[in-house]
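Colleague: Take these sequences, add in the hints, and give me the full structure.
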Amino acid sequence: MRKDSQSMVNEIGARAKQAAASMAQLNAGDKNRMLLHMAAALREESDAILAQNALDVTAAKEKGLRTAFIDRLTLTPGRIDEMAKGLEDLTALKDPVGEILGGWKGAQDIEILKLRVPIGVIGMIYEARPNVTADAAGICFKTGNAVILRGSGEAKESNKAVVKALRSAISAEGGPADAVQLLEDTSREAAAELMKMHNYLDLLIPRGGADLIRTVLSESTVPVIETGIGICHIYVDASADLRMALDILVNAKTQRPSVCNAAESLLVHRDAAAAFLPEAGKMLRNLGVELRACPESRQYLPESVEAMEEDFSTEFLDLILAVKVVDSLDEAIEHINAHGSKHTEAIITGDYDAARRFTGRIDAAVLMVNASTRFTDGGMFGFGAEMGISTQKLHARGPMGLEEMTTIKYIVQGEGQVRK
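The sequence shown maps to residues 1 to 420 in the numbering used here.
Hints listed in this document are in silico derivations from the structure and should not be mistaken for laboratory results. Remember, it's a predicted structure, so these values are computed and weren't measured experimentally. The beta-carbon is built from N, C-alpha and C at its ideal position, and this holds for glycine as well.
With a cut-off of at most 25 Å between alpha-carbon atoms, the simulated PhoX-like pairs for lysine-lysine come out as follows: (1) K17 to K160; (2) K85 to K156; (3) K196 to K160; (4) K114 to K393; (5) K17 to K156; (6) K164 to K17; (7) K17 to K196; (8) K409 to K17; (9) K420 to K114; (10) K63 to K156; (11) K105 to K409; (12) K61 to K160; (13) K409 to K393; (14) K156 to K196; (15) K94 to K114; (16) K85 to K164; (17) K409 to K114; (18) K114 to K17; (19) K156 to K61.
Pairwise CB distance ranges (calculated): (20) G414 to G153: 48 to 56 Å; (21) G102 to R357: 32 to 40 Å; (22) D47 to I411: 44 to 52 Å.
Modeller: And the structure:
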């Protein structure tokens, strides 16, 4: 990487570390006031943000990028309002910083206090979703952290406009604007430098496709929380209410197919296949969904195409659904554990024992019983927003909200004790 670019990345890191020290001194009221101003700034600058987003969208279309990608990239007045509301929602949530998690007496009557504190400086590398810029900034700000954001080149102008509005609002309220910074250099070299900035970064979060996440996991020297891709299944059990199953399937697949909590595979118990698949296939085809089906399910889905093995391990992020008939709940569980991404899995069933076995044996961050996979979301969980969906098991799992962006500190009070 060019020396000037390397210097620029490290300068951003140094400013972030200084801002994190200032953030740690703000109380909950200060942070909430600034978050409300940040939300207002997004609405006030909506026209400017949309104008810059239009440049990104036009460029993406000229490159021939997929429709699903364009959808994730595109901002609308409604989506900007949702971004602002996400920041406002954070102010209504309890500030976790300073929460006392426990207190007790240790050896020789030392008094030990365990409390929640900010992590420090958080880096985030993500793909073309400008709404993530506001969500990540808000969660980090609320928890007293500084954040360095590195979006993709396709969203560069949108991200610059969003961050400009947020930083202006923070400054206007007397806060440290460098608590929210954008790494405008979207080159691979700049990202690689960020991944190795362990002298400034305390945590790095990748959010995007499988290639991005693999790259960060393999190259980063900074601790990483993995946000996984979403190969999400819906399993229709033999005892399922088929009308409920149909409504959930249509919502999970078609409401917004370009996001990680959309359903990508449908498993149907053999005893429900004849009654469920023809109607489901008809409705999905009318909504533009391409069905890639196993030989048995194709008997009920005449307009489907034959599924390849890789289809059952693919995050389509599009109006495509892999379909398979299974002989039993056990086979469904084995299939999901073999092909899923540990994100979100759903069972539609009227059998309590089947639900219990499904949720107990599936290895995933979120298990849904008679509900759409689309509910795996920080906003839907009452977190205000999210940094992403963690599919790993250490420190954070599932939608990552405020608590997941904190760590702990022990305060020990003595009266002159020395260890015996």
